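Residue numbers (our numbering), protein chains in the order written: chain A, 1 to 285; chain B, 286 to 606.
Just so you know, these hints were derived from the structure itself, not from any lab. A quick note: this is a predicted structure, and the numbers were derived from the prediction, not measured. Possibly wrong hints are sitting among the right ones.
Restricting the straight-line Cα-Cα distance to at most 16 Å, the calculated cross-link-like pairs of lysine to aspartate or glutamate (EDC-like) are [claimed, not checked]:
| id | chain 1 | residue 1 | chain 2 | residue 2 |
| --- | --- | --- | --- | --- |
| 1 | A | K22 | A | E233 |
| 2 | B | K474 | B | E528 |
| 3 | A | K151 | B | E585 |
| 4 | B | K315 | A | E262 |
| 5 | B | K597 | B | E585 |
| 6 | A | K181 | A | E262 |
| 7 | A | K151 | A | D76 |
| 8 | A | K193 | A | D150 |
| 9 | A | K148 | B | D339 |
| 10 | A | K181 | B | D339 |
| 11 | A | K193 | A | D251 |
| 12 | B | K474 | B | E504 |
Quick list of the computed label-pair ranges, beta carbon to beta carbon [unchecked claim]:
| id | chain 1 | residue 1 | chain 2 | residue 2 | range |
| --- | --- | --- | --- | --- | --- |
| 13 | B | E558 | A | A68 | 46 to 52 Å |
| 14 | B | D323 | A | K152 | 25 to 31 Å |
| 15 | A | V122 | B | T523 | 29 to 35 Å |
| 16 | A | S112 | B | S313 | 51 to 57 Å |
| 17 | A | W72 | B | T523 | 23 to 29 Å |
A few chain A positions that, by computed beta-carbon distances, are all more than 12 Å from chain B [unchecked claim]:
| id | residue |
| --- | --- |
| 18 | E167 |
| 19 | D197 |
| 20 | Q230 |
| 21 | E262 |
Cβ coordinates follow ideal geometry from the N, Cα and C atoms, glycine included.
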Amino acid sequence: MQDIDNLKELDKKDEKDEKDEKAEKAKEVRRLIIQMIAEANSGHPGGSLSMTDIITTLYFSIMNHSAANPTWEERDRFVLSKGHACPAFYAVLALCGYFPISELMNLRKLGSILQGHPDHEVTPGVDFSTGSLGQGISAACGMALAGKIDKKNYRVYVIIGDGESQEGQVWEAAMSAAHYKLDNLCAFLDYNKLQIDGEVEKIMNIEPVVDKWKAFGWNTLRIDGHSIEQIIEAVGIAHKTKDKPTMIVADTIKGKGVSFMEGRVGFHGVAPTRDQEQQALSELM
Amino acid sequence: MQECKYILAKSGQDFAPYKRALVMLGESNKRVIVLGADLSNSTEIDGFRDRFPDRFFNIGVAEQNEMNIAVGLAIEGEIPFVHSFGVFVTRRVYEQVCVQVAMQNINVKIVGSIPGLTSRLGPTHQAIDDLALMRTLPNMTVIDPADATEILQAVPAIAEHSGPVYIRMMRREVPLIFDPEKYHFQIGKAACIQEGQDVTIIACGVMLQNALASLPLLEQNNINPTLLHISTIKPIDTTAIIEAASKSRLIITIENHLITNGLGSSIAEIIAENGLGNTLIRMGLRDEFAAPGTQEYLFERYQLNSRHIVEKILEGLKNKK
Chain A
1 MQDIDNLKEL
11 DKKDEKDEKD
21 EKAEKAKEVR
31 RLIIQMIAEA
41 NSGHPGGSLS
51 MTDIITTLYF
61 SIMNHSAANP
71 TWEERDRFVL
81 SKGHACPAFY
91 AVLALCGYFP
101 ISELMNLRKL
111 GSILQGHPDH
121 EVTPGVDFST
131 GSLGQGISAA
141 CGMALAGKID
151 KKNYRVYVII
161 GDGESQEGQV
171 WEAAMSAAHY
181 KLDNLCAFLD
191 YNKLQIDGEV
201 EKIMNIEPVV
211 DKWKAFGWNT
221 LRIDGHSIEQ
231 IIEAVGIAHK
241 TKDKPTMIVA
251 DTIKGKGVSF
261 MEGRVGFHGV
271 APTRDQEQQA
281 LSELM
Chain B
286 MQECKYILAK
296 SGQDFAPYKR
306 ALVMLGESNK
316 RVIVLGADLS
326 NSTEIDGFRD
336 RFPDRFFNIG
346 VAEQNEMNIA
356 VGLAIEGEIP
366 FVHSFGVFVT
376 RRVYEQVCVQ
386 VAMQNINVKI
396 VGSIPGLTSR
406 LGPTHQAIDD
416 LALMRTLPNM
426 TVIDPADATE
436 ILQAVPAIAE
446 HSGPVYIRMM
456 RREVPLIFDP
466 EKYHFQIGKA
476 ACIQEGQDVT
486 IIACGVMLQN
496 ALASLPLLEQ
506 NNINPTLLHI
516 STIKPIDTTA
526 IIEAASKSRL
536 IITIENHLIT
546 NGLGSSIAEI
556 IAENGLGNTL
566 IRMGLRDEFA
576 APGTQEYLFE
586 RYQLNSRHIV
596 EKILEGLKNK
606 K
């Protein structure tokens, strides 16, 4: 009995370590986001920080992928439909080993492989170029459909934004993914409630957004987008769901992790100053 | 440039060359996927749908989604053919075509049905600017076939070609001009149908039949023209055009399209950039949206028939004297 209790204790300790490790990884991504945008003096910190936990968890705990072989045929695919949040994407790819971490400091520089929107032609690990909103999710449907046609086992993950959800094409894609039963497609809505002009609710309300996705025939879940456990659990449910694509509506905070950016629309597309960078980094230690 | 003798006939109501070409392509190339937007019969993809249901996807009346689904399929190595009326796969989805297909140089084949004045459905459905829109996009190949033979040959050719293609598609009863045994369609190659020294006629698409019909009338007037057919609007066969331009001072272009940024403009660019100094008459729609009507009515109303070609040439030659 004693031994079993000891083992349970050890398991708990391992779980806690693992949890800390994942949280630490997300913090590291946030630090890199701040550093690269400050260095570039240009970029989108708010929406990058809001989706950091989702993309970090996808790449470190969920997706099958290989930095050594970025175009590995069996890899899970990822599409960042809200392409402007690519600093988070780039930081994760660098930490996975797709390119050196030092490369992040070349964000948006002339000739750099890391531009203001993801480009699969130049950035290792980027499966699909995006930038114009509403199109990435349609392409993700196409990639998932190709997986079905070719009887491949890969899964397709896509992150869309809440402002992006105002694009009619998002709903065309929603309809078609359910129609063709793309259960190999799992989408996240990074629901940080802010867009460039202000609160999503006031600019053009997308509510009731969970009901909308349900009505479009998706397996729809709602989670705290900053809870790594909830992200993993939700993707697990998506994986087990047959004949339906999954939408995970993730409640997030724009600018999450940096006190003076949290919930501030002003940091949608504005770089921190060097002083702000230092303050942000100290908060993220 | 290849020379060819022409035969002018109707391919017949039931011939539907595109429908045939697509089914044959489906047989030979298993990577070909057909996407439709609720116009399966009108765009002649119903034959493929019935033959290869596993490789046919109707996306409904949602062309933007259709275009980007095609991009996702192409990224995974499929060869998607995207269909709707020409207006919808160009005007309506221009940003999707620009940003995702052309900018990324994705292997998507865009098929625009009932081009220009061949649509009876009125100006909302007349693609009179599609060549212009597609020609402006870097990486995009643009084709306007003239007859059933070209359609049958162009379809496998564009599937073989790596990169985005926009092709105009006539349907059902399509002219039969080129002898399938002798004609050899090649992307980017013009076809010289007749050589003469008085005037150079350059035609594309359905207008080739009107240009051909003008030949006997020109002969009656002792005018001996060169007739050049351009099926690939981009990349255009500059060499063939320079050669044809050297044969006479006067060049006349005719297209089922606005005269801006389609065939006529392409020829004007070549004349100017190469300092050829030819006089150019462009026939087509002149800065106007067309009225609804049958092809016959519209060709007459917008002065695009063989008779009008002859009139323009006579006028052009008179002005030269």
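Evaluation of the provided hints:
{"no.": "1", "hint": "A/K22 to A/E233", "verdict": "holds, 15 Å"}
{"no.": "2", "hint": "B/K474 to B/E528", "verdict": "holds, 13 Å"}
{"no.": "3", "hint": "A/K151 to B/E585", "verdict": "violated, 54 Å"}
{"no.": "4", "hint": "B/K315 to A/E262", "verdict": "violated, 51 Å"}
{"no.": "5", "hint": "B/K597 to B/E585", "verdict": "holds, 14 Å"}
{"no.": "6", "hint": "A/K181 to A/E262", "verdict": "violated, 37 Å"}
{"no.": "7", "hint": "A/K151 to A/D76", "verdict": "holds, 14 Å"}
{"no.": "8", "hint": "A/K193 to A/D150", "verdict": "violated, 38 Å"}
{"no.": "9", "hint": "A/K148 to B/D339", "verdict": "holds, 10 Å"}
{"no.": "10", "hint": "A/K181 to B/D339", "verdict": "holds, 14 Å"}
{"no.": "11", "hint": "A/K193 to A/D251", "verdict": "holds, 8 Å"}
{"no.": "12", "hint": "B/K474 to B/E504", "verdict": "violated, 27 Å"}
{"no.": "13", "hint": "B/E558 to A/A68: 46 to 52 Å", "verdict": "holds, 49 Å"}
{"no.": "14", "hint": "B/D323 to A/K152: 25 to 31 Å", "verdict": "holds, 28 Å"}
{"no.": "15", "hint": "A/V122 to B/T523: 29 to 35 Å", "verdict": "holds, 31 Å"}
{"no.": "16", "hint": "A/S112 to B/S313: 51 to 57 Å", "verdict": "violated, 43 Å"}
{"no.": "17", "hint": "A/W72 to B/T523: 23 to 29 Å", "verdict": "violated, 43 Å"}
{"no.": "18", "hint": "E167", "verdict": "violated, 9 Å"}
{"no.": "19", "hint": "D197", "verdict": "holds, 21 Å"}
{"no.": "20", "hint": "Q230", "verdict": "holds, 28 Å"}
{"no.": "21", "hint": "E262", "verdict": "holds, 32 Å"}
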